[in-house]
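Protein chains: 2
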Amino acid sequence: MHVSEMLAQSRAEGKPTFSFEFFPPKTAQGVQNLYDRMDRMHGFGPKFIDVTWGAGGRLSHLTSEMIKVAQSVYGLETCMHLTCTDMEKSKLDEALKEAYQAGCTNILALRGDPPREQEKWEATKGGFRYAKDLVKYIRDRYGNHFDIGVAGYSEGCDDNKNVDQLVDHLKEKVDAGATFIVTQMFYDTDIFLDWVKKVRAKGIDIPIIPGIMPIHTYAAFLRRANWTKCHIPPHWTEALEPVKNDDAEVREVGKGLVADMCRKLIDAGILHLHFYTMNLAQATRMVLEELELLPDVESPLQKPLPWRPSLGLNRRDENVRPIFWRNRNRSYVARTQDWDEFPNGRWGDARSPAFGELDAYGIGLKGTNEQNIKLWGSPVSIKDISDLFVRYMEGKLNSLPWSEAPITKEAESLQQDLIDLNRRGFLTINSQPAVNGAKSSHPVYGWGPRNGYVYQKAYLEIFVSPEHIAEVITRIERDPDLTYYAVNKEGDLKTNAPGDGPNAVTWGVFPGKEIVQPTIVETVSFLAWKDEFYTLGQEWANCYSSINPSRYVIEDLMDTWYLINIVHNDFHVEHGIFPLFEGLQVANMEKPLHRTGTPTPIATNGDAASNGDSGVKDRKPKLDELVDAAKSAASAVTNGLNSLKVSN
Amino acid sequence: MHVSEMLAQSRAEGKPTFSFEFFPPKTAQGVQNLYDRMDRMHGFGPKFIDVTWGAGGRLSHLTSEMIKVAQSVYGLETCMHLTCTDMEKSKLDEALKEAYQAGCTNILALRGDPPREQEKWEATKGGFRYAKDLVKYIRDRYGNHFDIGVAGYSEGCDDNKNVDQLVDHLKEKVDAGATFIVTQMFYDTDIFLDWVKKVRAKGIDIPIIPGIMPIHTYAAFLRRANWTKCHIPPHWTEALEPVKNDDAEVREVGKGLVADMCRKLIDAGILHLHFYTMNLAQATRMVLEELELLPDVESPLQKPLPWRPSLGLNRRDENVRPIFWRNRNRSYVARTQDWDEFPNGRWGDARSPAFGELDAYGIGLKGTNEQNIKLWGSPVSIKDISDLFVRYMEGKLNSLPWSEAPITKEAESLQQDLIDLNRRGFLTINSQPAVNGAKSSHPVYGWGPRNGYVYQKAYLEIFVSPEHIAEVITRIERDPDLTYYAVNKEGDLKTNAPGDGPNAVTWGVFPGKEIVQPTIVETVSFLAWKDEFYTLGQEWANCYSSINPSRYVIEDLMDTWYLINIVHNDFHVEHGIFPLFEGLQVANMEKPLHRTGTPTPIATNGDAASNGDSGVKDRKPKLDELVDAAKSAASAVTNGLNSLKVSN
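For the protein sequence lines, the chains are A and B, in the order given.
Per our numbering, residue 793 is the first one in the first sequence, and the count goes up by one each step.
Per our numbering, residue 793 is the first one in the second sequence, and the count goes up by one each step.
Since the hints were made in silico from the structure, they are not lab data.
Some hints could be false.
For identical chains, the list gives no copy identity; a pair is met inside one copy or between any two copies.
Unchecked claim - Derived DSBU-like pairs: lysine-lysine, alpha-carbon spacing no greater than 35 Å straight-line: (1) K928 to K1286; (2) K1158 to K1414; (3) K1305 to K1231; (4) K1305 to K1281; (5) K807 to K1286.
One chain only, chain A, in its complex shape (with noise of 0.2 Å):
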């Protein structure tokens, strides 16, 4: 969307809105950290952020990664800025081109400072010397695919302080096409107005987008005051001075200096504020709160879909996924960014669509093995395993191997269901509760426009040991409100569901629409998540070197435990799910796996094959065997024959 139209939003709802820029960082785990804050800071509600032109090299390929990642990945609308330093014609139609790509339509077109070896500013071989002329040659190639913003100084810029023809310069740059003004910062209210009258005056009259510099610590607030030779009015330093040496107390005198700047700069009419927020959420969030610009807890962002919506090129309208990447949203994203066409309305709409390998960026495991050694420590029992998982449904655990993000909220009225199934061994991977017709604005499940209605089947996918599979899926056979699809690392699946087609968990229904279906379960997505759940796994165990016990617990799990997804399919019942699991308790959970100075994997069969003859050891049974045994075990069991021994 372009940032213009949402400035039009903004006044034609007469509410304040704001936007978050941000800049390349220059380490990996810097850029990693900042995803994380990018996501989080999604939730405080920006119109869109910006990412500044990391100029040469690198840098300028990180601006292009960011900008992508946050369109496709956290469904950010962004801007970003092109600077003409160092950029030669063919380097910036790279640029136009991945942002185009990446579903960005919004460009802050600058010069940039002069490069760092260098004194005064110079125009690059084959490049251009004025924003204005970058301005022109977007406009010229993509048409108003993009809209253009343009910097304006209030108080001149480091090479000229003349502010008048400053204005004058602008003017040019609106005269090229650039449709909307962002200005640097500043900390004087009165001096910001005045130049926007002058602005006006000269005939500009696209949006002018104040920029905000919150105040983080003293020293970072006088260099940047230094650095743009802003003027800062008497009372900041007079308020600021007597607490510089605790930065706590500077920030917190800094938010109400901030905010009334910004509440003067609303009631003058600037609905939009741009924050520099140095990559840091504290101080910005500080300001917001102070402007009760934050959604709070009891009415949260208003979601347009159960997850986050990706706004990368072709995928805006995309309304259908698969629940099993629920807590791997970049992954399913990069597994599926060469779709032509993404589902919409219904999965079947997509025609044969293959999912991406796994050896793709941001597919595999989060973090260096020593990180996730720290992390999820060195366990050599089911036990170990099994309490990583109880810690991480308590809250007490940031991420596993499958789940990226903390436990939802939404998980909290399963919580004590799934910690008692993880203590008896069976590991919860992920679930959501039935919901039968809550509000759209519910603070928990709502999504969707007001005044709907969403629903969801309870769903829990589950990885079962190979002693528990078969008795598990006799139990749900027998239920008819129950459908499943159980899978082992070499794909044998079965499962009970009726056709080919997708199961909808989570729907809606809202006024004058269509009824709204987000979230599916499905076959062919499920095999393709199967193959990435038991990589995820041995990704973790691979972490361990090939003589560490834990690689071979981990191993073992993933060599022989089964995936399953459960979905209860009548919505009235809450906890229709968790009673299947009743009385059952993986076996020795507390014994360590491994053979000392045995630094071959484990090769069990499981339990249910270990009755075989020698000679068939070496086949692992079908899941289809398994089952049969198991219930003619059963009806043996029934028609007293107790003496009639099973079969493989």
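For chain A, the structure is supplied; the task is to place chain B on it using the hints.
Chain B only, in chain A's frame:
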């Protein structure tokens, strides 16, 4: 679906099933009556119906038409008879092509009786001599598209009493490609079962369907037995003879005899019964009732969708329809029969379908002018018309120009509200109550697979006088839960629907499936329905001569009243729409609308326009203007500015 597949299903479920045979009636009225009967008999739950071949001219064309109507309008699987009598290859080809296009997948291939004027059967020039040739021809032309049945004669046929020789012929027909056998009628089960053994001994293993002739009158019973020369067991005559002069008693006794015969067949493992209905329902119904094979009121036939699905070619997957034609199913099928693709899943899947013209067969008013005048009388006032609607809502009138069938069970819960509205001059055209998750097996609202839940948004389509339309719309727009489309004859449309997409007003949630949303409200189809609605009104007016006052009354309504549909989007609210009309009442309903001696149609522009200058009298005010005027009048009142005049 192939007959042999249906039989396999019956066998798998171990449940007796049945089918009905009809023949093409001689008169147009007879055809109409038979269609109505076929529609009602659909409710008995036959697996399929047969239509005999009307050899020669008009009648053969009628067989093709009946097959098409049964498949597409009544959703009945069919088996079309085809004979060698009087059929050149070109005629055969045409009949097969028409059956194919109608979605029919079963042919009963017969030699046929000799033409009336001939004693002995002779092959037509360029045609076939034996049924086996016909079987082979169809197999060659259509591969396995058609399931092909042939006749079995357990007691010999017209010109051959040698049963063994006939079994040889039967073997030849089977060898030529026949896949099921339908037998001649019989009364003696022992003879029949012996014959079945003989057939099986011959190596014929395709299913055998016994032809059952229920007893309508004693004379017909004797005539048919004599005609087919079949053996009548003595106890049949003994039982029927004493009551032969009492038709009702004959049917009662006959029911028992035929049902006993059917039970013997079922006990012998013959699970499918084919009834020679002779185009009558009663005797067949009585036998089925005696056999307890009819669906009962508490658990009626399972409906796959809330409307009767068409089985036309390409139409079997159709799963969305606009609500507007709910009482005119046949017209909807006719007006959409040329669509290449049917809306499946979502309405949007159909690429801008254009509705067929209004002059096609089956779309206009049923019945002759005289019949319609007899049915609906000669209204001279709005009160007279309103009385008609009230009688229809009370179940005392079986049709209205816009509703072909009597009021449905579903409308019962709304009956009093509907009657009340019609009494006050608001003519209700179509409606459904809100349903918040009834079981899919619910006797009135249920449809779709077992263990599901079905939902409805309350819907009301109503014909509103110009004096009230602005007030009604103003009231609707005050309630965020209501959406509407209002239109007049000229197509002046007003709506508050959000966006162009459809509003799902009926949907279902089923185990392991996507949400099904088979009924919608939507713009394009509403405009097509609007044309049909006003045309039907005009056709009703045209039943009266041009100087008849009734003509003027109806035409006046058509020219000046508004058709409006209203959806209450909160399906938790049971009676959400009716309170809208509180306190509204059409004025002077009793006043005859015609001006005596003035044979030109009354050109009123509605009350709201009557304040206008004489210069603009001929221009109808737009709906937007009417509503705006009503709103500013209301706000004038609110502001205490009672003297302000509403301007047009």
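Hints and how they fare:
| no. | hint | in the structure |
| --- | --- | --- |
| 1 | K928 to K1286 | neither (60 Å within a copy, 44 Å between copies) |
| 2 | K1158 to K1414 | within (33 Å within a copy, 63 Å between copies) |
| 3 | K1305 to K1231 | both (16 Å within a copy, 23 Å between copies) |
| 4 | K1305 to K1281 | between (41 Å within a copy, 26 Å between copies) |
| 5 | K807 to K1286 | between (53 Å within a copy, 30 Å between copies) |
In this structure, only the earlier hint numbered 1 is contradicted, and the remaining ones agree with it.
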